[in-house]
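Student: Here is how the chains run, residue by residue.
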Amino acid sequence: MENTKSKKNSVLWVGDAGLNTYLNLHKSIQAHYDHNILLYDENPTIEEAHVTTLKDNENPVAYAITTLKQALETNYKADEFDVLVGSPMEVLFTSLLEYYTDQLKQHHIENHENHEKLTTMKVFEPVRFKKTIKSRPEKVVFVNSDGLFKDLKAEAINTIAKNKASFTRCYELDSDPSITNEFFFNLIDK
Amino acid sequence: MNRDHIFKEIIRRNERLLRNKINRTFFKGVNTDDVYQDLCIHILNKIRIEAEGSLDRWESEAWLLSVTGNFCIDILRKQKSKKKKGVEISNYTDDASEMDRKAYQSGFGDYNGDDPSKSNVEIDLRSCMLSLNERDRTLITLRYFKELSIKDIDDLTGLTNSAVYIKRAIEQLRRAIDVDYYLDHFDHYFPTDFDEEIN
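Those protein sequence lines, which keep their order, are chains A and B.
1 is the number of the first residue of the first sequence in this note's numbering; add one for each residue after it.
1 is the number of the first residue of the second sequence in this note's numbering; add one for each residue after it.
It should be emphasised that the hints constitute simulated quantities derived from the structure, not laboratory data.
Since this is a predicted model, take the numbers as computed values, not measurements.
Misleading hints may appear alongside valid ones.
[To be verified] In silico DSS-like links for lysine-lysine, alpha-carbon gap of 25 Å or less:
id, chain 1, residue 1, chain 2, residue 2
1, B, K21, B, K8
2, A, K27, A, K139
3, B, K151, B, K167
4, A, K69, B, K8
5, B, K167, A, K55
6, A, K164, A, K153
7, A, K153, B, K8
8, A, K139, A, K69
9, B, K151, A, K153
10, A, K150, B, K46
11, A, K55, B, K151
12, A, K162, A, K69
13, A, K7, A, K69
14, B, K8, A, K150
15, A, K139, A, K153
[To be verified] Label pairs and their computed distance ranges (CB to CB):
id, chain 1, residue 1, chain 2, residue 2, range
16, A, L104, B, E52, 38 to 48 Å
17, A, D189, B, W63, 41 to 51 Å
18, A, A31, B, N23, 40 to 50 Å
19, B, R19, A, N158, 42 to 52 Å
The C-beta atom is built at its ideal place from N, Cα and C for all residues, glycine as well.
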């Protein structure tokens, strides 16, 4: 008797690298996940996934970390995803990581402030346990690529170093479809 | 890595910069969105064929602006050239030549299409004249700068077939310059249709 998860893992595929990885995923592996795709300016029609595009005629978001973070905060609901996938070279993915990292920092700050306020409260005061962090993925998959320019490569390394502490588990994968297929096959039921 | 992927990221990061450059170059009569789209195709093709060792320069804003500037100058030059011939511009996809980049590296403001004596093109032609021998240089000078007829040149130099020497000298100049675009200007300033004069 197999011990399988009752609920599928939800994956957020971010940017061009995320989309590319999703499209190269074998159909039998795709079927085991719920798929969400976040892109900057493209809007492909994919029936098996929910696609969100940040930039359109009504919201001409500039391609910069600050503006993308604002767009994510106002227009994109960071629902609960189990896995985040993208390339640390892409500004869109970096913005999303920083968005989650900022949430975590804000949670810690609020928690610290509340801790001081709660010092005189009773141990089992319910309000102590009501503050919870907003939803964020547990796992993040950094899809690395060869042949990057030097500056982009350095930027990608910095992005990983700066943001990986905000997630429970971090993985660095090559963009080779055989490697990503194997990874997501092994990730089923975890 | 997929170069198309790199291209997309670079263009997204620099879209505003490139659009501003295009808007500053063209004032009216040109759809700058079309120019931007064609510029993107131009850059993509360049990135695809770029040698591995020099690919890094495409990260640089200065390089992107330089490529954009040359692309816009090409369009403007074609507009002026075509307008003289009464033909409307229909596309902007030709590449800039090496001579073009060398001549207009200092910026479009130095170029004056109506006064060739002030353009860098004339300076390059003069330096190419030095590749000719003394006889050919004399013949070119008498024909195109002194504006003597073929018959007068024959009388002056004692040659009986100066038209042939002049044609060969012009061919040598064309090879020395090796710029397709400038053939239009070249033929305009150095025509070799002497048949009526010889006959």
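Student: Taking the hints in turn, state whether each one holds.
Tutor: Going down the list of hints, with the structure as the test:
1. B:K21 to B:K8: holds (19 Å)
2. A:K27 to A:K139: Holds - the C-alpha atoms of K139 of chain A and K27 of chain A are around 22 Å apart, at most 25 Å.
3. B:K151 to B:K167: holds (15 Å)
4. A:K69 to B:K8: With Cα atoms ~20 Å apart, K69 of chain A and K8 of chain B stay inside 25 Å; holds.
5. B:K167 to A:K55: Distance ~60 Å between K167 of chain B and K55 of chain A Cα, so the pair is violated.
6. A:K164 to A:K153: Holds - the C-alpha atoms of K153 of chain A and K164 of chain A are around 16 Å apart, at most 25 Å.
7. A:K153 to B:K8: holds (16 Å)
8. A:K139 to A:K69: holds (20 Å)
9. B:K151 to A:K153: Answer violated: K151 of chain B to K153 of chain A is near 69 Å, above 25 Å.
10. A:K150 to B:K46: holds (19 Å)
11. A:K55 to B:K151: Not OK: K55 of chain A and K151 of chain B at ~71 Å, beyond 25 Å, violated.
12. A:K162 to A:K69: With Cα atoms ~16 Å apart, K162 of chain A and K69 of chain A stay inside 25 Å; holds.
13. A:K7 to A:K69: violated (30 Å)
14. B:K8 to A:K150: holds (17 Å)
15. A:K139 to A:K153: holds (22 Å)
16. A:L104 to B:E52: 38 to 48 Å: Since the Cβ atoms of L104 of chain A and E52 of chain B sit about 40 Å apart, the hinted range of 38 to 48 Å holds.
17. A:D189 to B:W63: 41 to 51 Å: Holds, at about 49 Å.
18. A:A31 to B:N23: 40 to 50 Å: holds (48 Å)
19. B:R19 to A:N158: 42 to 52 Å: violated (28 Å)
The structure fails hints 5, 9, 11, 13 and 19 (numbered hints given earlier, in ascending order).
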